[in-house]
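Chemist: These protein sequence lines are chains D and U, in that order. For the first sequence, position 92 (counting from the first letter as 1) is numbered 91 according to numbering that gives the first Met the number 0, and the numbering increases by one without interruption. For the second sequence, position 62 (counting from the first letter as 1) is numbered 61 according to numbering that gives the first Met the number 0, and the numbering increases by one without interruption.
Hint data in this document are derived by calculation from the structure and do not stem from the laboratory. Treat the hints with care, as some may be off.
As the list claims (entries may be wrong) - Distance windows between CB atoms, simulated:
(1) D/E21 with U/D115: 20 to 26 Å
(2) D/L11 with U/D168: 42 to 48 Å
(3) D/L215 with U/E252: 47 to 53 Å
(4) D/K23 with U/D115: 21 to 27 Å
(5) D/G43 with U/D90: 38 to 44 Å
(6) D/I44 with U/G54: 49 to 55 Å
(7) U/F10 with D/L215: 19 to 25 Å
(8) U/K25 with D/L193: 53 to 59 Å
(9) D/G43 with U/V7: 52 to 58 Å
(10) D/L193 with U/G166: 43 to 49 Å
(11) U/A234 with D/M94: 54 to 60 Å
(12) U/A184 with D/H5: 44 to 50 Å
(13) D/L11 with U/G54: 21 to 27 Å
Please read these numbers as outputs of a predicted model, since none were measured by experiment. Where is the CB? At the ideal position from N, CA and C, for every residue including glycine.
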Amino acid sequence: MGVLHHIGQYFLLLVKIFKKPEKKSIYLRQLVLEIEKLGINSIGIVAVISVFMGGIITLQLTYNMSNPLMPTYIIGLGNRDTLILEFSSTVLSLMLAGKVGSNIASELGSMRITEQIDSMEIMGVNSASYLILPKIVAFVFMSPFLFIISVGCGLIGGLITGPLSGVVIVATYITGIKTTFVPFYVYFSIIKTLVFGFLISSVPAYLGYYVQGGALEVGRISTKAVVNTSILILFFDLVLTQLLFK
Amino acid sequence: MIEIKNIVKSFEGREVLKDVSTVFEKGKTNLIIGQSGSGKTVLLKCIVGLFDIDGGEILFDGRNNASMNFQERGLLRQEIGMVFQNGALFDSLTVEENVRFPMDMFTEMTMKEKLDRLNFCLERVNIKDSNHLYPSELSGGMRKRVAIARAIALNPRYLFCDEPNSGLDPVTSILIDNLIKEITAEFDITTIINTHDMNSVMEIGDNILFISEGEKGWEGNSSQIFSTRNKKLNAFVFASPFSKQLKEIKQMEDDE
Ligand SMILES: Nc1ncnc2c1ncn2[C@@H]1O[C@H](COP(=O)(O)OP(=O)(O)O)[C@@H](O)[C@H]1O
Ligand SMILES: [Mg+2]
Numbered sequence: 000m001g002v003l004h005h006i007g008q009y010f011l012l013l014v015k016i017f018k019k020p021e022k023k024s025i026y027l028r029q030l031v032l033e034i035e036k037l038g039i040n041s042i043g044i045v046a047v048i049s050v051f052m053g054g055i056i057t058l059q060l061t062y063n064m065s066n067p068l069m070p071t072y073i074i075g076l077g078n079r080d081t082l083i084l085e086f087s088s089t090v091l092s093l094m095l096a097g098k099v100g101s102n103i104a105s106e107l108g109s110m111r112i113t114e115q116i117d118s119m120e121i122m123g124v125n126s127a128s129y130l131i132l133p134k135i136v137a138f139v140f141m142s143p144f145l146f147i148i149s150v151g152c153g154l155i156g157g158l159i160t161g162p163l164s165g166v167v168i169v170a171t172y173i174t175g176i177k178t179t180f181v182p183f184y185v186y187f188s189i190i191k192t193l194v195f196g197f198l199i200s201s202v203p204a205y206l207g208y209y210v211q212g213g214a215l216e217v218g219r220i221s222t223k224a225v226v227n228t229s230i231l232i233l234f235f236d237l238v239l240t241q242l243l244f245k
Numbered sequence: 000m001i002e003i004k005n006i007v008k009s010f011e012g013r014e015v016l017k018d019v020s021t022v023f024e025k026g027k028t029n030l031i032i033g034q035s036g037s038g039k040t041v042l043l044k045c046i047v048g049l050f051d052i053d054g055g056e057i058l059f060d061g062r063n064n065a066s067m068n069f070q071e072r073g074l075l076r077q078e079i080g081m082v083f084q085n086g087a088l089f090d091s092l093t094v095e096e097n098v099r100f101p102m103d104m105f106t107e108m109t110m111k112e113k114l115d116r117l118n119f120c121l122e123r124v125n126i127k128d129s130n131h132l133y134p135s136e137l138s139g140g141m142r143k144r145v146a147i148a149r150a151i152a153l154n155p156r157y158l159f160c161d162e163p164n165s166g167l168d169p170v171t172s173i174l175i176d177n178l179i180k181e182i183t184a185e186f187d188i189t190t191i192i193n194t195h196d197m198n199s200v201m202e203i204g205d206n207i208l209f210i211s212e213g214e215k216g217w218e219g220n221s222s223q224i225f226s227t228r229n230k231k232l233n234a235f236v237f238a239s240p241f242s243k244q245l246k247e248i249k250q251m252e253d254d255e
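Same shape as in the complex, but just chain U (with noise of 0.2 Å):
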């Protein structure tokens, strides 16, 4: 469970984030949703500790990360998974490399184990046969899981997501929700991904938080908020013809 109260953020004196709370819960997947430029990345960078806020506590599992040491700080990175826009795989290690390097870094498995959780963490995002690829040579669905896997690599109990499908083709891009909601149930982790699909806010979103303008619009789950009468979710979730057709459609089955 992560918990944020009252993010403070500014750039240069532009406040990007104004008072932001909330609660990510365990085992579930918890979207931060907006429109473009709304703060969602700046939010996520805040929390897993990127960028310094201005003000506000966060709190994982209880534990405050402004009161730790450098070396806690460092403990609570290795907790930390995350997979990035584009993924971010190192340009020039290949795609075990890439999935390697936190244990490389971090542990002191022996060759086999590497290898073998490596194996395990492919095999769980379907990546098959391509451990000797660079990521220039793989497709952006590919990317996508490669990165899930690095961030999955050691076991993290949080998992951190920005924009995981975006730039990916609808039917990929289900495939990349249900990938990271199966992972997050198996593993019991506390999952914050930021989106601004409407797709994966039916699919996967248990918790579900909307940012407007850096501000907390409304939160609340997928089944609420169809019925929301909060104006600016409307505007954001209705935004497509197709969709305001449906709740229109809705709204005359309500009526009757």
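Extracted from the complex, chain D is given alone in its bound form (with noise of 0.2 Å):
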């Protein structure tokens, strides 16, 4: 029941956020802002994020190839199919439900308490709508950027560590990076990107946008949201890989 009943009233309020805008000019000023909030300032985690990981990945590439025979151009191709496939798309959609979600989430539940929601619904002003859908649309768009920002700053990562650690020399790696690439991949991962963008901006939305109580609710509900898309997005990779692998 109580399930059923949260995925109910989710589509409920997702019909609720896609009709029409009232105002364009305004939902555009809006987008806007949305992007600059939630896209580009999340540029820089995800960067410095993606750098350490690619590095390690590398590492432990290296450590882990026990048959000397092994070419080592393995490395580079290595790194980047796991940035690819697993790193870029799904860890890095984790820590932004964390950055994102959570945001989305604290940001439409402390309005909501404050009557400022129920404040623009007696204006007239279809309040899902305004609030929520430049947040899914500016993340959805900006989330395949991430994921190709992420991918070139863990190769970069790994070509600071690589050579460092002495087993491979810069352009063995850059050889491996070169190796079999399966374009697939890439668009794989950028539908996957895709669907936990929306996943990230509409599941918080919709736990926030009908927080009850005060401001202690509004922090429970930001860490439920993170939680719960977290699992969803674990979900989605189990299905989509099941699905477009096959």
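Build the complex: two chains, separate frames, hints provided.
Modeler: So, in structure tokens, the structure goes:
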């Protein structure tokens, strides 16, 4: 009952969100603000995390290569595919669920409990569409860019730590990156990031929009938003991998 | 004029409003008074349409909002201004943007017309040189005044205020009360105010509806309220030691 009720309400909210915006110009202004707030402002953390993870993946690959006959370009190749297939799509989305998801849930939650959402409704504004649609569109739009930035930074991370550890030289690492490149992996991951981007923006928005109570509940709901979004991301990762890799 | 007839509202089986009927007059300050938790806010939110009622009718100058379609209801909402308990200003917008918000959303006014109107509204509530401040930078009284300015931005026919002077000192409270009363008379608005403040009752109580545990306990005006024999209302009105003494003095005078 509880879960079904939530799913039903979530889809009803989506219907309300995807109504035609009342004023195009205002909607566009909000969209630009959200692109900056949710997308551009995440680039820094995405870059830092990805450089480190690319470096760590490279080191792990290096130290776990027990067979001396294995060509060392495998290191570049392995780092590339790990980043594309799981790290920059799934793991990064889990982190963004923490950063962006909690931000969205607490912002909408505090607007709800201080009656700002009621006051919009009184004026006759479709508050769900005005507040949530720009967030969803902005973040889904930015997700593939964050993915690409993450892959790029992860490869750079490997480029730094690989040669430093002395196991692979720069030229071989780069050869590895270019070897047996499968474009489908990139399309697959971009589809994943679009789906995850939608989850990261809409699920916390739903939870925050309908919060009841006081500041304590707003805090609770942002934690809940991060946890639920993360579980959904992993679930959809499973489903999409099964569907698209057949 | 707003007429409500036999309003019933429950939450999860618990009746919060039980058969409340009354008429709120135009150009007057209509007060809803009652203890905390008696159902004032719920009644106000039912009238403006934030809560759906379980029974009864609400007529805005004869127009029943239950029989309106989606579009008509949207238009009705643009005739409504509301001041929420803590102002409910939009945190992410400045004072100016807050007051301009309804104009941005619903009118085709030019920027100059909007600026004229918003400066008129802000001046009307005595807010000066604060256009670019954010709500978090304002005092409680200023926030309420900006909320009033935003509520009157589109020239509403109906104005609703939920505890407009809760959390304010007595002097600021009286200023806010009088401001609402003046605006009501000046623009001939139907104003409904929720309050539990007896000072407001005496200052601006043109019509008073007393709600007790979700029921209509009494109605009348500020000169009748002190001579009523209604037990529950007396308990509410003369709750403080100060007002009890006043009542005793008045009774002694009457007896003489
Ligand atoms: N959204 C809601 N859900 C359930 N109960 C509510 C809701 N809003 C108010 N109530 C209940 O209705 C009663 C009246 O509340 P309210 O109208 O806020 O009182 P007040 O007269 O202080 O404004 C209270 O008992 C409150 O718990
Ligand atoms: Mg109340």
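Chemist: All hints are to be evaluated individually against the structure, with a verdict given for each.
Modeler: Results for each hint:
{"no.": "1", "hint": "D/E21 with U/D115: 20 to 26 Å", "in the structure": "23 Å, holds"}
{"no.": "2", "hint": "D/L11 with U/D168: 42 to 48 Å", "in the structure": "44 Å, holds"}
{"no.": "3", "hint": "D/L215 with U/E252: 47 to 53 Å", "in the structure": "52 Å, holds"}
{"no.": "4", "hint": "D/K23 with U/D115: 21 to 27 Å", "in the structure": "24 Å, holds"}
{"no.": "5", "hint": "D/G43 with U/D90: 38 to 44 Å", "in the structure": "24 Å, violated"}
{"no.": "6", "hint": "D/I44 with U/G54: 49 to 55 Å", "in the structure": "53 Å, holds"}
{"no.": "7", "hint": "U/F10 with D/L215: 19 to 25 Å", "in the structure": "21 Å, holds"}
{"no.": "8", "hint": "U/K25 with D/L193: 53 to 59 Å", "in the structure": "54 Å, holds"}
{"no.": "9", "hint": "D/G43 with U/V7: 52 to 58 Å", "in the structure": "55 Å, holds"}
{"no.": "10", "hint": "D/L193 with U/G166: 43 to 49 Å", "in the structure": "46 Å, holds"}
{"no.": "11", "hint": "U/A234 with D/M94: 54 to 60 Å", "in the structure": "58 Å, holds"}
{"no.": "12", "hint": "U/A184 with D/H5: 44 to 50 Å", "in the structure": "49 Å, holds"}
{"no.": "13", "hint": "D/L11 with U/G54: 21 to 27 Å", "in the structure": "24 Å, holds"}
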